[in-house]
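Peer 1: Going down the list, the protein sequences come from chains S and F. Using the numbering used here, you'd call the opening residue of the first sequence number 6 and step up by one each time. Using the numbering used here, you'd call the opening residue of the second sequence number 74 and step up by one each time.
Honestly, I wouldn't trust all of these hints.
Stated by the list, open to error - One-sided excerpt, in silico: chain F residues whose CB lies under 8 Å from chain S:
1) Arg81
2) Glu388
3) Ala394
4) Asp488
5) Val490
6) Glu494
7) Pro497
8) Thr527
9) Trp530
10) Pro544
11) Thr547
What the hints assert, rightly or not - Below, in silico cross-link-like pairs of lysine-lysine (DSS-like), each with a Cα-Cα straight-line distance of 25 Å or less:
12) F:Lys526 <-> S:Lys111
13) F:Lys168 <-> F:Lys156
14) S:Lys111 <-> F:Lys379
15) F:Lys731 <-> F:Lys156
16) F:Lys526 <-> S:Lys91
17) F:Lys168 <-> F:Lys146
18) F:Lys211 <-> F:Lys314
19) S:Lys75 <-> F:Lys470
20) F:Lys379 <-> S:Lys25
21) S:Lys25 <-> S:Lys75
22) S:Lys91 <-> S:Lys75
23) S:Lys76 <-> F:Lys470
24) S:Lys111 <-> S:Lys25
25) S:Lys111 <-> S:Lys91
Bear in mind the hints are in silico, worked out from the structure with no lab data behind them. For every residue, glycine included, the Cβ atom is placed at its ideal position computed from N, Cα and C.
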Amino acid sequence: MASQTILVVDDEPGIRLYLKRLLGNAGFVVRTAADGDEAVAAIEADPPDLVILDVMVDGRDGYEICETIKKNPARAGIKVVMLSAKSRSIEIEKGMALGADAYLTKPFSMDELRDTVRGLLNGVPAGEPGG
Amino acid sequence: MLERLSLRLRVFLFFAFIAVGGSVAIVAAMIYLGRSGETPTLDDLVLLGAAGIAGLWWLTAWTWLQFDAHVAKPIVAICNYLKAVTHADAAGEIKAGTARYLGFLEPAAREITASLRETRREVDRTIAAATAESEAQKQYLATILRDLQQGVVICNRRHEVLLYNQRALEILHVAGDIGLGRSFFAVVTDQPFRHALTRLENRFRSGRHVDHPDGLSALVIAATRSGNYTLKGRVSLTLGKAGPDEDEAPMGYVVIFEDVTDELAAGIWRDRLLHDVTSDMRQRIANLAMVGDLLTLEEAIDAEEKAAARTTIQEDGRVLAERLDRLDQISSDLLSSAWPMTQVHAETLLALIRERRSEGRDLRIDTRGDDVWLHCDSAAIVEFVDRLLNRIAVFAKPRTFELHLTACERRADLDLVWEGESVPVRALETWLDERLDEGLGSMTGTDVLSRHKTEIWCEPAGRGRWRLRLPLVTVAFDTARGPAGVRLEARPEFYDFDLFARIERDSVAETPLRDLTYVVFDTETTGLEPSKGDQMVQIAGVRIVNGRLLRGELFESLIHPGRAIPRLSSEVHGITDAMVANADPVTTVLQRFHRFVGDAVLVAHNAAFDMKFLTLQQREAGVDFGNPVLDTVLLAAAVFGADESLTLDSLAERFAIKIAAEERHTALGDSLATGLTFLKLIDLLQAGGVTTLREAIEISEQQAAIRRAQGKY
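When you get a sec, could you build the whole thing from the sequences and use the hints?
Peer 2: Below you can see the structure in the form of structure tokens.
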């Protein structure tokens, strides 16, 4: 089975590096985008299997990117994991309402993220939104 | 026939009768002696003299009896009647035929009272017309005070309450110990107020209040006497002139306050939490910094060090996130307490939104709300939702909206539902950045969301419809205290500014009767003999302050007598064993009654009886009813004479006091009747020169002595 592709969208270079290393070690092909517009362009150019979205990313925010992905029937199959420093239940609910498949609040552990991503890509529901 | 003769002729006839009778006796004796022809012996003379004297005594006694029955007694009755009408405005008429033999005295008395009553009615009408306006203003004042969210209490310089409003009672959580003329410090701690008042009086004396930003007011934080509630308020000095030529001086003070118990508790909790959270975070950050240093060391670290570093990073990272969540909660609480958040019912909020419709678009808005209270800045929410409706109307062009407020757990979702196109995140964010109504300052939708610590988003609502969901916080009301709570029944008397001018006297005994505070009380018992184990089953009392019976400040309590109530007693007062089954024991009730009485003068009808029951168990209850006592029976005897009927019923009838039939022979009904009788008696006593408590007690003691001598007491 070909390696599954993940697009990491975060404006923090450190987080991008960290996630790339972590998920790469777990056997995924990882690409990164530093802002919303770059992310949308990357998705259009080569749709990944899963997008890890920071909610507070520059340009179009995570909510908008998620909405863009999920509204396009051709792209709606792409899984979306939202990462956010916002941890209130209403914010998580908003992310899920906009079509996110999972919502992880910062800080999260490596294991947590890896399990969530694996669960989504293996067709296993992510279950409880992380946090 | 005699009744038709003039009064003077009749009085003359009494004396003529004695003269004629005496003469007839003497003449008859002389004829008797002369007819025998013999010289009368000494014995005959003595016998005859004795018979003559006896005849004369009998004649005099008979004449006196007639004089007493037809002249003296009727005059006394008419005098009492006139006194009662003149000084106590008693109703009723003099009994026809009371003074049959006193000529025109009875009709003359009747005419005088009729004329007096007519004059009084005239005066009453004039006063009623003149006071109608001030009464309306009083009502207006009462309404304003009742609806105020703050408690208001006005006191004189002796800290006696002159005015209070309903909210003050609710906040102080008392319904008995605060009352007109009572000390404010019976319910709140005095030190903070004394401190503030001293400062204010100093400020006033030095004239600094003129330029002081707070003028003659100061902030006070105090507690209720029970210590359970904290009050925050402002105390302001009231100035007035004791006389026309006097300078203005402090006459008392006004306190406006609110209950900050919950606020304060929340504040203390927040401070403590902030301290814990921040000091703990510092430690965690230090740990992480150390691990960072370790990991960036040039030399390689071993497996054990790596594992330890990993544990520290994971554990401290997790704990720091938790601490941040708590800080977030604290800031959320602080935000909502800083903004004008209010409690608004779902239906009200929906109606306000429906009616706002600022751009006058032709939209149909159907609303449906759960029965739930929301904690929000309703003005901001209404503007915000109105703006959203207008924007969606332009963007998605629906003609109909549904507005739902659905409660779930601790929140309620305000949903704006329409059919057609969804609102993209970008469009919604643009709308959120717009400024709302000018009246709300430069506030935007994002500010409204941030203030309410909430979010808004668009999601499918099924059947081709979309909804904007705005979750809001709900609030559960404590019905006893909250805005939706049951208010205490409005009290009929809530102020008495005459108390401002009440002169403090060193001696209660020398205080005028009108100026004293009384508690008029009555008891119902299992029987008439406390020494044989009879007990109280009910006690009631009513306060009289400054000559006014305060129907709003009553005491009434059933008492568990600790024994069965005889059927005959139950028939008198209507209190049965079942009614007192859950009542407090006498010791508890006595303690409460003692607090109600304070240092007032006790008044009862046949007080000796009630006082016996009251004092029987006072030691056990740990109280002492050593207050001065007045008895309406003895006072009435002093006014009307001991021969008159002095039952409560006949006194009430004499003074035209009306107590509902169902209230009579209840402790409260009889207390009210006694209280009203007592006020009338004070008028009559004053007219007779008895003006102070000492004098009233003196004449009571005289009456008690007379009654003891007669075996009536």
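Peer 1: Taking 25 Å as the top limit, are the C-alpha atoms of lysine 25 (chain S) and lysine 75 (chain S) close enough?
Peer 2: 24 Å, holds
Peer 1: Is the straight-line distance between the alpha-carbon of lysine 91 (chain S) and that of lysine 75 (chain S) 25 Å or less?
Peer 2: 22 Å, holds
Peer 1: Are lysine 168 (chain F) and lysine 146 (chain F) close enough, with their CA atoms no more than 25 Å apart?
Peer 2: 13 Å, holds
Peer 1: Interface hint check: glutamate 494 (chain F), Cβ to nearest Cβ on chain S, cutoff 8 Å. Holds or violated?
Peer 2: For glutamate 494 (chain F), the interface hint is violated, since the closest Cβ of chain S sits about 12 Å away, which is over 8 Å.
Peer 1: Quick check on aspartate 488 (chain F) please, does its C-beta sit within 8 Å of some C-beta on chain S?
Peer 2: Constraint on aspartate 488 (chain F) not satisfied, violated at 12 Å.
Peer 1: Is the hint on glutamate 388 (chain F) kept, meaning its closest Cβ partner in chain S is under 8 Å away?
Peer 2: This hint is violated: glutamate 388 (chain F) lies away from chain S, its Cβ roughly 10 Å from the closest one there, beyond 8 Å.
Peer 1: Assess, step by step, whether the Cα of lysine 526 (chain F) is no farther than 25 Å from the Cα of lysine 111 (chain S), and give holds or violated.
Peer 2: Holds, at about 19 Å.
Peer 1: Is lysine 526 (chain F) within 25 Å of lysine 91 (chain S), Cα to Cα?
Peer 2: 11 Å, holds
Peer 1: Is the Cα-Cα distance between lysine 731 (chain F) and lysine 156 (chain F) 25 Å or less?
Peer 2: Holds, at about 21 Å.
Peer 1: Does the interface hint hold: is valine 490 (chain F) within less than 8 Å of chain S, judged Cβ to Cβ?
Peer 2: 14 Å, violated
Peer 1: Given the proposed pairing of lysine 76 (chain S) with lysine 470 (chain F), does the C-alpha separation stay at or below 25 Å?
Peer 2: Holds, at roughly 20 Å.
Peer 1: Just to be careful: measuring from the Cβ of alanine 394 (chain F) to every Cβ in chain S, is the smallest value less than 8 Å?
Peer 2: Nearest chain S Cβ about 5 Å off; hint holds.
The structure shown violates the earlier hints numbered 1, 2, 4, 5, 6, 11.
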